[in-house]
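Participant: Sequence order for the protein chains is A and B.
Under the numbering used here, read the first sequence as residues 52 to 475, first letter to last.
Under the numbering used here, read the second sequence as residues 193 to 464, first letter to last.
What the hints contain is simulated information worked out from the structure, not anything from laboratory work.
Note that the Cβ used here is the ideal one computed from N, Cα and C, for glycine as well.
Errors might be hidden in some of the hints.
Incomplete in silico selection of chain B near chain A, CB under 8 Å [stated by the list, open to error]:
1. 209
2. 254
3. 402
4. 452
Per the computed footprint, the stretches of chain B lying under chain A, defined by three or more beta-carbons under 8 Å from a beta-carbon of chain A, are [what the hints assert, rightly or not]:
5. 197-206
6. 293-306
7. 347-358
Pairs of lysine to any residue residues, derived as SDA-like cross-links and limited to a Cα-Cα distance of at most 20 Å, are as follows [as the list claims (entries may be wrong)]:
8. 361/A x 205/B
9. 227/A x 249/A
10. 319/A x 334/A
11. 227/A x 246/A
12. 361/A x 231/B
13. 361/A x 206/B
14. 173/A x 301/A
15. 173/A x 213/A
16. 173/A x 195/A
17. 361/A x 263/B
18. 94/A x 128/A
19. 227/A x 206/A
20. 173/A x 113/A
21. 94/A x 69/A
22. 319/A x 339/A
23. 361/A x 443/B
24. 173/A x 190/A
25. 361/A x 376/B
26. 227/A x 169/A
27. 361/A x 196/B
28. 94/A x 113/A
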Amino acid sequence: MVAYVLPWFRTEHARLPEQTIHDGAPVGRIALLGADLPGLRPKLLCEQGSRIKRGQAVFHDRAHPEVVFASPVSGVVESITLGPRRSLSALVIRSETGQHEPDPVIMAMSTAADVRAALLAKGFWAAFLTRPFGRIPEPDAVPDAIFVTVTADNPHAPDPRMVLAGQHDVFAAGLKAVALLTEGTVHVCQAHGADIAAGLGDRIRGAFFPSDGSCGLAGTHIHRLYPVGQGRSVWSIGYQDVLSIGRLIETGVHDFSRVVAIAGPRAKRPRLLRTIAGASLQELIGEESQPGNHGAPLCVLSGSETNGRKASWLGRYHHQITLLDDAPRHVNAPERGMMARFRRASQIPAPLVPTGALERALSFDVPVVPFLRALSVGDAETASRLGCLEMVEEDLAAVSLACTSGADYRRMLRHVLDELAEDA
Amino acid sequence: MTGRLLDSHLMQQRRGWTPARVTLAQSIALAGPVGVSLAERGAVQIAVLMTALVACLAWELAFDLIRGRSPSLHTVTAALIFAILVPATVPLWQIALAASFGVVFGELVFGGRGYGIVSAAAAAAGFLVFSFTGASLSVTSEAVALATLPGAVLLLWGGLISWRVLASVAAVLMAVELARQGLSGLPMVLTTAVFGLVFLVADPVASASTQWGRWVYGLLAGLLIMLFDTLAGSAIGPAALVFASLLASLFAPLIDHLTVAVIVRRRGRVHG
Numbered sequence: 052m053v054a055y056v057l058p059w060f061r062t063e064h065a066r067l068p069e070q071t072i073h074d075g076a077p078v079g080r081i082a083l084l085g086a087d088l089p090g091l092r093p094k095l096l097c098e099q100g101s102r103i104k105r106g107q108a109v110f111h112d113r114a115h116p117e118v119v120f121a122s123p124v125s126g127v128v129e130s131i132t133l134g135p136r137r138s139l140s141a142l143v144i145r146s147e148t149g150q151h152e153p154d155p156v157i158m159a160m161s162t163a164a165d166v167r168a169a170l171l172a173k174g175f176w177a178a179f180l181t182r183p184f185g186r187i188p189e190p191d192a193v194p195d196a197i198f199v200t201v202t203a204d205n206p207h208a209p210d211p212r213m214v215l216a217g218q219h220d221v222f223a224a225g226l227k228a229v230a231l232l233t234e235g236t237v238h239v240c241q242a243h244g245a246d247i248a249a250g251l252g253d254r255i256r257g258a259f260f261p262s263d264g265s266c267g268l269a270g271t272h273i274h275r276l277y278p279v280g281q282g283r284s285v286w287s288i289g290y291q292d293v294l295s296i297g298r299l300i301e302t303g304v305h306d307f308s309r310v311v312a313i314a315g316p317r318a319k320r321p322r323l324l325r326t327i328a329g330a331s332l333q334e335l336i337g338e339e340s341q342p343g344n345h346g347a348p349l350c351v352l353s354g355s356e357t358n359g360r361k362a363s364w365l366g367r368y369h370h371q372i373t374l375l376d377d378a379p380r381h382v383n384a385p386e387r388g389m390m391a392r393f394r395r396a397s398q399i400p401a402p403l404v405p406t407g408a409l410e411r412a413l414s415f416d417v418p419v420v421p422f423l424r425a426l427s428v429g430d431a432e433t434a435s436r437l438g439c440l441e442m443v444e445e446d447l448a449a450v451s452l453a454c455t456s457g458a459d460y461r462r463m464l465r466h467v468l469d470e471l472a473e474d475a
Numbered sequence: 193m194t195g196r197l198l199d200s201h202l203m204q205q206r207r208g209w210t211p212a213r214v215t216l217a218q219s220i221a222l223a224g225p226v227g228v229s230l231a232e233r234g235a236v237q238i239a240v241l242m243t244a245l246v247a248c249l250a251w252e253l254a255f256d257l258i259r260g261r262s263p264s265l266h267t268v269t270a271a272l273i274f275a276i277l278v279p280a281t282v283p284l285w286q287i288a289l290a291a292s293f294g295v296v297f298g299e300l301v302f303g304g305r306g307y308g309i310v311s312a313a314a315a316a317a318g319f320l321v322f323s324f325t326g327a328s329l330s331v332t333s334e335a336v337a338l339a340t341l342p343g344a345v346l347l348l349w350g351g352l353i354s355w356r357v358l359a360s361v362a363a364v365l366m367a368v369e370l371a372r373q374g375l376s377g378l379p380m381v382l383t384t385a386v387f388g389l390v391f392l393v394a395d396p397v398a399s400a401s402t403q404w405g406r407w408v409y410g411l412l413a414g415l416l417i418m419l420f421d422t423l424a425g426s427a428i429g430p431a432a433l434v435f436a437s438l439l440a441s442l443f444a445p446l447i448d449h450l451t452v453a454v455i456v457r458r459r460g461r462v463h464g
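Using the sequences and the accompanying hints, generate a full structural model.
Facilitator: Below, the structure is given as structure tokens:
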């Protein structure tokens with residue numbers, strides 16, 4: 052009883068995933084998702100039923116034709132769904148195993164122009180996200196620094212050192228290529244231990260962060276090492292994407308494979324699975340889930356427990372699949388009379404009580420209560436002066452959970468960032 | 193903006209404070225002082241407590257009904273604090289009227305607990321002192337002060353009051369007392385002030401909400417308490433605490449605004 056009323060007393064913890072890599076169930080269908088590419092309007096280069104090869108471009112950004120998106124598998128385009136305002140909803144590809152895989156093509160990657168052209172043409176450009184705004188960079192942009200995130204942002208994520216084990220040469224090749232895209236520093240942010248980026252020249256530097264809480268998020272790394280604002284922009288990239296780039300350089304093979312952790316209270320055997328970006332979660336999970344309490348339905352999240360989204364496909368930037376009990380559905384029988392007036396579920400956030408937990412939940416040096424108030428009313432100017440340009444949605448997940456209001460500050464931040472991006 | 197609330201699976205995961213949990217924790221913290229005051233004053237205090245509770249909850253229910261919200265009990269804390277502040281000699285109708293004024297104009301008109309700018313209990317106590325001749329507030333006894341301490345620890349631990357506010361206001365009170373009468377009066381100052389400091393001045397909603405602002409707010413509240421204190425000797429009058437807390441919380445948004453301006457200027461220098 053106490054556990055439901057007062058905080059701190061709840062002790063149920065899902066088991067941590069076993070940090071050994073297993074092959075995931077083979078997936079027949081993968082998808083390129085609009086949810087990963089917000090605001091992007093695609094120009095399709097294939098149609099339903101087209102036969103495509105791995106690494107072949109399937110669409111490009113209408114605003115920047117250089118930024119192409121490639122298929123991670125060889126197969127047939129099963130369906131293309133468009134969302135509102137001609138955005139992409141999902142492009143589903145059914146893989147065909149017997150098909151002839153394309154021959155590896157090793158591209159010249161020794162100059163900045165070569166690397167840029169190769170990453171754009173091969174569909175790896177979307178691996179980078181800009182800060183401010185958290186969007187795919189323009190094809191000709193040059194960042195002031197690049198942050199490689201080699202940290203786990205929560206204990207249920209895969210341990211990067213485990214994923215990179217035995218592949219340090221490939222990773223180093225990827226890092227060297229990425230470093231050509233900037234004149235500044237490449238910060239390789241990692242948990243304490245042996246420096247993964249040792250001996251790669253003075254522009255590729257290791258930075259070490261404790262492996263707890265929000266210290267694994269790229270936003271925290273950028274805030275500590277190179278705070279961004281109106282005048283400066285940096286890119287961030289995940290370690291598995293650097294690995295893919297390294298493999299493209301070394302072998303010429305398109306590799307969109309991912310090592311993801313399958314975790315959460317409903318996971319039968321929490322462990323690491325090797326699969327592919329965009330994999331169908333239904334096929335991947337298959338037998339991996341166990342029945343929940345009181346027959347609760349299964350909730351599949353692509354991403355972590357706090358930051359993931361309900362999804363049927365593995366997200367482009369996600370390294371984790373979380374299986375939870377879904378919230379029980381309340382059947383709202385229409386009521387009449389006095390009591391019905393009390394029973395209406397609130398659609399507006401509860402008040403923001405400035406508790407000490409808010410300061411602890413935000414890992415940025417900003418006055419948290421004025422900042423959250425500015426976000427709640429959509430005051431873009433104040434929010435930007437207080438430092439919202441340093442953040443993206445994932446940085447506010449913890450503070451949204453800690454706040455009394457139950458408001459989703461991530462959406463409010465996105466609203467404000469979009470407004471600021473339009474002005475910029 | 194659509195979809196301002198967290199998704200259902202995230203709502204389920206919330207392990208931190210919600211408004212109901214805040215109210216519950218504050219009520220638990222208040223249980224000690226309320227119990228002691230009941231033991232000290234006897235049956236008369238029960239009538240005072242019930243009057244305050246009924247008045248506050250009736251108004252809250254009425255506002256929930258008008259606004260179409262689920263019924264809540266957030267004004268319980270205001271009623272409990274107010275019942276400890278008023279002496280049992282005050283007529284019950286005056287208590288009901290003052291409590292009604294406090295919760296309606298202190299928090300319900302703003303939208304309820306957490307939306308207002310002053311502490312509802314302080315507004316009720318202030319109204320009582322201003323409106324009725326002869327009505328005064330009771331000086332908290334040593335037993336009530338002692339019973340406040342476990343609650344204060346609970347609230348500090350949960351982050352529902354800020355140690356910065358408490359530290360700076362206590363520092364001001366002690367410094368002034370040391371300058372005026374030396375060491376001997378210090379225990380008296382702390383005994384008479386601790387209940388008001390924990391439950392009125394340090395109220396999380398009414399006090400400043402930035403870290404530096406909290407120091408300034410505590411400083412201001414301490415100075416105002418000393419300015420308003422008309423009792424002879426070292427004891428601090430409850431009315432001084434109430435009015436200092438009301439006035440200081442009116443200044444809290446200004447303090448926050450200035451703090452944010454300083455922080456923004458410093459950020460501008462650092463980030464270029």
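Participant: Give a verdict on every hint.
Facilitator: Going down the list of hints, with the structure as the test:
Interface restraint check: residue 209/B against chain A, minimum CB-CB distance 5 Å, threshold 8 Å, status holds. Hint on residue 254/B is violated. Least Cβ distance to chain A is approximately 12 Å, over the 8 Å limit. Evaluation of the residue 402/B hint against chain A yields a held restraint, the C-beta minimum of about 4 Å falling below 8 Å. The beta carbon of residue 452/B comes within 5 Å of a beta carbon in chain A, closer than 8 Å, and the hint placing it at the interface holds.
Counting residues of the region 197-206 of chain B whose CB lies closer than 8 Å to any CB of chain A gives 10, which reaches the minimum of 3, so the coverage claim holds. Requiring three or more residues with a Cβ within less than 8 Å of a Cβ of chain A, the coverage given for the region 293-306 of chain B holds, as 4 such residues are present. Residues of the region 347-358 of chain B with a Cβ under 8 Å from some Cβ of chain A number 4, which satisfies the need for three, so the listed coverage holds. Between the alpha carbons of residue 361/A and residue 205/B the distance comes to roughly 15 Å, so the proposed pair stays at or under 20 Å and holds.
Proposed proximity of residue 227/A and residue 249/A is supported: the alpha carbons are some 12 Å apart, at most 20 Å. Between the alpha carbons of residue 319/A and residue 334/A the distance comes to roughly 15 Å, so the proposed pair stays at or under 20 Å and holds. Using a Cα cut-off of 20 Å, the hinted pair residue 227/A and residue 246/A holds, with the two alpha carbons roughly 15 Å apart. For a cut-off of 20 Å, the pair hint linking residue 361/A to residue 231/B is broken: about 55 Å separates their Cα positions.
At most 20 Å may separate the alpha-carbon atoms for a hinted pair to count; residue 361/A and residue 206/B meet this at roughly 17 Å. Distance restraint check for residue 173/A and residue 301/A: the Cα-Cα separation of roughly 14 Å lies within the 20 Å cut-off, and the hinted pair is therefore satisfied. For the suggested pair residue 173/A and residue 213/A, the alpha carbons sit about 27 Å apart, so the restraint of at most 20 Å is broken. A distance of roughly 24 Å separates the Cα atoms of residue 173/A and residue 195/A; the hinted pair therefore is violated under the 20 Å criterion.
Distance restraint check for residue 361/A and residue 263/B: the Cα-Cα separation of roughly 32 Å exceeds the 20 Å cut-off, and the hinted pair is therefore not satisfied. Simply put, residue 94/A and residue 128/A have alpha-carbon atoms about 15 Å apart, close enough for the 20 Å limit, and the pair holds. About 29 Å separates the Cα atoms of residue 227/A and residue 206/A, which puts this hinted pair outside 20 Å; it is violated. Straight-line distance between C-alpha atoms of residue 173/A and residue 113/A comes to about 17 Å, which keeps the hinted pair within the 20 Å bound.
As the CA atoms of residue 94/A and residue 69/A are separated by approximately 42 Å, the hinted pair breaks the 20 Å bound. For the proposed pair residue 319/A and residue 339/A, the alpha carbon gap of about 5 Å is at most 20 Å, so the pair holds. Distance restraint check for residue 361/A and residue 443/B: the Cα-Cα separation of roughly 44 Å exceeds the 20 Å cut-off, and the hinted pair is therefore not satisfied. Our distance criterion of 20 Å between C-alpha atoms is met by residue 173/A and residue 190/A, whose separation comes to about 13 Å.
Between residue 361/A and residue 376/B the alpha-carbon distance is near 65 Å, which puts this suggested pair outside the 20 Å criterion. At roughly 14 Å between alpha-carbon atoms, residue 227/A and residue 169/A fall within 20 Å of each other, so this suggested pair holds. Between residue 361/A and residue 196/B the alpha-carbon distance is near 17 Å, which keeps this suggested pair within the 20 Å criterion. Using a Cα cut-off of 20 Å, the hinted pair residue 94/A and residue 113/A holds, with the two alpha carbons roughly 5 Å apart.
Checked against the numbered hints given earlier, this structure breaks hints 2, 12, 15, 16, 17, 19, 21, 23 and 25; the rest are met.
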